[in-house]
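> The residues making up each chain are set out below.
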Amino acid sequence: MTTVTRRRALRYFGMSVALGAVIAALPSAAQDRTSVKIGYAISKTGPNSGGAGITTLPNYVLWVKEVNDAGGLEMPDGKKLPIEVIEYDDRSSAEEVVRSIERLATQDKVDFILPPWGTGFNLAVAPLFDRFGYPQLAVSAVTDKAPEFVKRWKKSYWLLGGGHDYTSALAGLLTEAAGDGTINKKIAMISVADGFGIDLVTAARPSFKDAGFEVVYDVTYPAGTTDFTPMINEAAGSGADTFVAFSYPPETFAITQQAQVAKFNPKILYLGVGTGFPVYGEKNGANAEGIMSLGGIDPKNEANVAYRKRHQDVTGQAPDLWGSVITYNSLQMLQEAIKRRGLDRDAVADELSNGTFQTVLGEVKLEDNQLRKLWFGGQWQNGQFVAVAPVDREGAAPAILPKPAWK
Amino acid sequence: MKTALGFAVAAIVFAVLALAPFYLDAYGIGLMIGMTGYVTLASAWGLFSGRTGYVSLATVAFFGMGAYTVAVLNETLPYPVILLVAGAIGLLVAAVVGFSTLRLAGVYFVIFTFGLAELIRQLVTWFETTVTGTLGRYIFLPIGPEHIYWQLLVLCAATLLITWWVGRSRLGLALRVISDDEVVASHIGIDIARTKLALFAVSAVIITLVGAIQAPRWTYVEPAIVFNPTVSFLTLIMALLGGASRLWGPALGAIPLFLLFEWLSANFPNHYSILLGLLFIVIVFLLPRGVAGFAEDLMRRRPGGTPAPAKPAPTPLRSEGGEARP
Chain A
11 MTTVTRRRAL RYFGMSVALG AVIAALPSAA QDRTSVKIGY AISKTGPNSG GAGITTLPNY
71 VLWVKEVNDA GGLEMPDGKK LPIEVIEYDD RSSAEEVVRS IERLATQDKV DFILPPWGTG
131 FNLAVAPLFD RFGYPQLAVS AVTDKAPEFV KRWKKSYWLL GGGHDYTSAL AGLLTEAAGD
191 GTINKKIAMI SVADGFGIDL VTAARPSFKD AGFEVVYDVT YPAGTTDFTP MINEAAGSGA
251 DTFVAFSYPP ETFAITQQAQ VAKFNPKILY LGVGTGFPVY GEKNGANAEG IMSLGGIDPK
311 NEANVAYRKR HQDVTGQAPD LWGSVITYNS LQMLQEAIKR RGLDRDAVAD ELSNGTFQTV
371 LGEVKLEDNQ LRKLWFGGQW QNGQFVAVAP VDREGAAPAI LPKPAWK
Chain B
335 MKTALGFAVA AIVFAVLALA PFYLDAYGIG LMIGMTGYVT LASAWGLFSG RTGYVSLATV
395 AFFGMGAYTV AVLNETLPYP VILLVAGAIG LLVAAVVGFS TLRLAGVYFV IFTFGLAELI
455 RQLVTWFETT VTGTLGRYIF LPIGPEHIYW QLLVLCAATL LITWWVGRSR LGLALRVISD
515 DEVVASHIGI DIARTKLALF AVSAVIITLV GAIQAPRWTY VEPAIVFNPT VSFLTLIMAL
575 LGGASRLWGP ALGAIPLFLL FEWLSANFPN HYSILLGLLF IVIVFLLPRG VAGFAEDLMR
635 RRPGGTPAPA KPAPTPLRSE GGEARP
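The listed protein sequences correspond, in order, to chains A and B. If you're matching positions, the first sequence starts at 11 in my numbering and goes up one per residue. If you're matching positions, the second sequence starts at 335 in my numbering and goes up one per residue.
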């Protein structure tokens, strides 16, 4: 029965030790490097896959393809190294995303890690990025606590602002509209009882109050609600000229439909996530006109227009009009930082914090590791989701007020 | 003598496992955390469901409560006290739920427990939105992965010890009668409700503690993250694969399945779900009685050379309603 003799076993053992030593020695031979390993864990399945599949993953795919088509990532000495991608599916599970990042850092020993999708997941992995020394360019994470996080995790970057930024930009726009008498100072507001809705509505209450507005109707609804008729009727009866819904995509579409059926046409209609999806404009056509939401783009920015076309060509879908371009911008920043400082993660992190970058957004410089020059509010105008807030930022289009009647 | 030997072997195994963090890298520890967590969950699940035949999908309800307790209290109380509070909450909820529902049988109980997880998630959401006005909570505790691992290992050992003890006690005997026939059990004077409740509560407290211990790993907690129904399903599948009614059964299911999930998601991230589904079908066909049952069959077949008589599993899990009950 014993076919494996001790001698043979010892020989195999010796061979495997020798082999192990060779393998272990390989990564240290940096001058023979033929690629740059970039890894990420993203929700390809599960409840988060919708958002990840729109805002994050297509941009990773697009960027890697463009870089590799151009010969690879450029190093400070001008040499180009192609990107080798290591991709995991976190299956929308927090434990899974944590372990995937551990795997990328310690097993795959990747050079850089791209962040996962979502506020919760970016926070879940932030301590790991910090411990393993990887810069974390968190895009799809809307949080008011970014300044605190930057202190805690020095190499973390927060590029999509916080709930308060969006609501105060909206309050600024409303103040201007109320100033010239277009709307009254009453607001009806509904929000989804889930992460995004709660963050935004909690930020909105003080923002509106400080701007002198009165919230006359303020209710939350559970995620997955399909019938908004009662809420729409009550909002219509509240006498408010402004209707705000911090909603998720399915509800955003439902509210748009049901408001038309109920002939509810507030002077300002502001809806949540989903309004900035290209499909929203396609589906609602002329009826999208005048509807506002978070995000928005500057159609005069040619780099952005070109990016949108490439995104469509390569991934087969148009980018959304809020986080997509910021995601792509973060990858361009990483690429440029590597070109300037090489693959040393500390140096790259330093460059990301202090450098100035030319990206698809124009000239970008982070303030305290955060991107502060953002479009916080957009409006559908003539088939495009145009940036209208903050109103005092250069390039903001004037908002169409009041919202045109339903067609 | 045999028991003493078993204990000695188990003690050595756990001692070796406790040393693992000194040899493994962060990913290895992460792997051990996930594995120990699921072994504990599956064993705790088997402790109740495997012995009573009541299939529970409430695992994540308790798991999530544990995690949320840590999230709520991590800035106000010292960590060991938080764990005690979490355990107490688990016990309280299990008692209330158990009292009101353990009379349900079969599929009604399954549906109820599945609903319970969703109910608790919505309650937490409602409370957070209307009372505290925030949903996500942060956990900044100075607890490293190796500490989480050691805690889980202790809990895992405790769970197996309790399971072993239950199997030998009067309680275990009573359970065996109940799972065979509740009517007979009640006729010979077994307090069915109390027996089931006691076991449900113990199992629930363990599951709550697993959630509480793992929570510091995620930094940020919100209902969608901690009340993920996948946890309930995976626990159930692992326990069933191993053999839910046996001491080591759930561990025998949890370890290979966990490693398999890990291997699949590392090597086939895009085909994970398809491969998993196929695998489950294969497992159900090849090992209908679980790994432990299969091993027993093999053992029985070996000495005499005659195949084991076709005997139904000792505790068949009721998948149909309690229609036979008066």
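Think of the hints as simulated: they come from the structure by calculation, not from any bench. Each hint should be verified, as a subset may be incorrect.
[Unchecked claim] 20 Å max Cα-Cα, derived EDC-like pairs, lysine to aspartate or glutamate:
1. A/Lys417 to A/Asp323
2. A/Lys119 to B/Glu462
3. A/Lys273 to A/Glu244
4. A/Lys90 to A/Asp79
5. A/Lys47 to A/Glu158
6. A/Lys155 to B/Glu462
7. A/Lys75 to A/Asp323
8. A/Lys383 to A/Asp356
9. A/Lys273 to A/Glu312
10. A/Lys155 to B/Glu409
11. A/Lys161 to B/Glu409
12. A/Lys349 to A/Glu97
13. A/Lys119 to A/Asp154
14. A/Lys119 to B/Glu409
> Please write out, lowest number first, the hints stated earlier that are contradicted by the structure.
1, 2, 5, 8, 9, 12, 13 and 14
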